[in-house]
Amino acid sequence: AQSVTQLDSQVPVFEEAPVELRCNYSSSVSVYLFWYVQYPNQGLQLLLKYLSGSTLVKGINGFEAEFNKSQTSFHLRKPSVHISDTAEYFCAVSAKNQGGKLIFGQGTELSVKP
Amino acid sequence: DVKVTQSSRYLVKRTGEKVFLECVQDMDHENMFWYRQDPGLGLRLIYFSYDVKMKEKGDIPEGYSVSREKKERFSLILESASTNQTSMYLCASSSEFVSNQPQHFGDGTRLSIL
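Same order as they appear, the protein sequences are chains A and B. For the first sequence, the working numbering begins at 1 and goes up steadily by one. For the second sequence, the working numbering begins at 1 and goes up steadily by one.
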């Protein structure tokens, strides 16, 4: 079975500051990794995904994430945030043998203040 | 562009009622999923379907059933609604029976059971 832990439930940050949202996972099999964003009153939108290859993955809106197999982590980063990045962020994993089922973390609320 | 449409954004029902939540996708995707989203718990999988007339239980199927009579439509049914089913419900779809395909989400239905 897989599990995902997002280490921070809320992250307040000032505009133009860097941010890191932390995600750790556990799995007995190889996994694919995803970050989704949910803006207020909307569904989830894919930010980026790690399938294989380079461990640094770039996504939309200037976000990137780094896959660290030894630490079983997939932290999300952005060097300079905007007010419009205020949203909830979800890390998710999909086991390579389970046909597309996603296991989600609890979510991290990013609040960007002026 | 990918489109997953949930029939209602907000729904208020009474305890004991039979409730139908509808989801339609226009991408000819094989896979469809129903999740519920609760604060601090992230998204939890209720049911999913890999093909027409096929369904499989997710992590929290109790009190729910589903129907998939056509490829583009996946319905979630609350057989006898209870107050603990008050939640945000999200529908998603993805292509192919492989784990590396991202899921595309609707905007959600916020369901209140009184």
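Worth flagging that the hints you see were computed from the coordinates, not collected in a lab. One should not assume that every hint holds.
[Said to hold, decoys possible] Some chain B residues near chain A, calculated using beta-carbon distances under 10 Å:
| hint | residue |
| --- | --- |
| 1 | Arg9 |
| 2 | Arg44 |
| 3 | Gly58 |
| 4 | Ile60 |
| 5 | Pro61 |
| 6 | Ser65 |
| 7 | Gln101 |
| 8 | Phe105 |
| 9 | Ser112 |
| 10 | Leu114 |
[As the list claims (entries may be wrong)] Some chain A residues near chain B, calculated using beta-carbon distances under 10 Å:
| hint | residue |
| --- | --- |
| 11 | Tyr36 |
| 12 | Leu46 |
| 13 | Asn68 |
| 14 | Gln106 |
[Said to hold, decoys possible] Derived pair list, reagent style BS3-like, types lysine-lysine, alpha-carbon separation capped at 30 Å:
| hint | chain 1 | residue 1 | chain 2 | residue 2 |
| --- | --- | --- | --- | --- |
| 15 | B | Lys55 | B | Lys70 |
| 16 | A | Lys101 | B | Lys71 |
| 17 | A | Lys69 | A | Lys58 |
| 18 | A | Lys69 | B | Lys70 |
Being a predicted model, the structure only gives us computed values, none of them experimental. Every residue, glycine too, gets a C-beta built ideally from N, C-alpha and C.
Looking back at the numbered hints, which does the structure fail to meet, lowest number first? 4, 5, 6, 9, 10, 13 and 18
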